[in-house]
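Colleague: Put chain B on the given structure of chain A with help from the hints.
Protein sequences, first through last, are from chains A and B. According to this note's numbering, the residues represented by the first sequence are 1 to 102, in order. According to this note's numbering, the residues represented by the second sequence are 1 to 102, in order.
Everything labelled a hint here was simulated from the structure, so no lab data went into it. Incorrect hints may appear among the rest.
If chains are identical, the list can't say which one is meant, so a pair holds when it fits in one copy or spans any two.
[Unchecked claim] Straight-line C-alpha distance at most 27 Å; calculated DSS-like pairs for lysine-lysine:
{"no.": "1", "residue 1": "Lys62", "residue 2": "Lys3"}
{"no.": "2", "residue 1": "Lys98", "residue 2": "Lys5"}
{"no.": "3", "residue 1": "Lys27", "residue 2": "Lys62"}
{"no.": "4", "residue 1": "Lys21", "residue 2": "Lys3"}
{"no.": "5", "residue 1": "Lys3", "residue 2": "Lys27"}
{"no.": "6", "residue 1": "Lys62", "residue 2": "Lys98"}
{"no.": "7", "residue 1": "Lys27", "residue 2": "Lys98"}
The structure displayed is predicted, hence computed values, not measured ones.
Number of protein chains: 2
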Amino acid sequence: MNKPKTHIFVCTSSRPNGQQKGHCHTKNGVEIMMKFVEEIEERELGGEVFVTNTGCFGICEKGPIVVVYPDNIWYGSVSVNDVEEIMEEHIEGGTPVKRLEI
Amino acid sequence: MNKPKTHIFVCTSSRPNGQQKGHCHTKNGVEIMMKFVEEIEERELGGEVFVTNTGCFGICEKGPIVVVYPDNIWYGSVSVNDVEEIMEEHIEGGTPVKRLEI
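Just chain A, with the same shape it has in the complex (with noise of 0.2 Å):
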């Protein structure tokens, strides 16, 4: 299969009871999410930079959480407005957006 290059997985509070409940969904998780969909698209990326929601990560009170793989980045507190950022400096950039790190 056609791996990714980059895969970015964005905390929609989906709990494995089949519930979507938690802070990353209430601070805009699946909105965050489609954000980074849309960019993907518009950027033309959508064959090496993958991106998918998941349920908690646990450590909820630094949510909204968005994590990069391989990279191994973490992402906190994360709002839409951070995505474009996200995607210019990161992940076509090369370089993590210190300021969103935890």
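Modeller: Below, chain B without anything else, positioned relative to chain A:
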């Protein structure tokens, strides 16, 4: 924060719209995830190996899907019975389980 050495992502078909529905969910995605949680606890790897449930990876026909980062190893058609082998051979032993790779 304490970042994981290895992060296991298990598709539980958690859709961003709050539904949990799809191939991996039907084929025991939740049970596979819970088995990883158990195995990590039993092996006392909680500090370095994380497991997180996810939404769809877009390759449903190959599911249930398990992805291991930062290794970028993708497993398909995973069953609950495969979890112990993945833990033993790959997560602890460092050698991915070839027969499950996609």
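Colleague: Next, verify each hint and record whether it holds.
Modeller: How the hints compare with the structure:
1. Lys62 / Lys3: Between copies only: 14 Å across chains, 29 Å inside a chain, cut-off 27 Å.
2. Lys98 / Lys5: Answer is both; intra-copy 21 Å and inter-copy 21 Å each pass.
3. Lys27 / Lys62: within (11 Å within a copy, 33 Å between copies)
4. Lys21 / Lys3: between (30 Å within a copy, 24 Å between copies)
5. Lys3 / Lys27: Between. Shortest inter-copy distance 23 Å satisfies the 27 Å Cα cut-off; intra-copy 30 Å does not.
6. Lys62 / Lys98: So Lys62 and Lys98 pass the 27 Å test inside one copy only (15 Å; across, 37 Å).
7. Lys27 / Lys98: within (21 Å within a copy, 40 Å between copies)
This entry satisfies every hint, going by the numbered hints stated previously.
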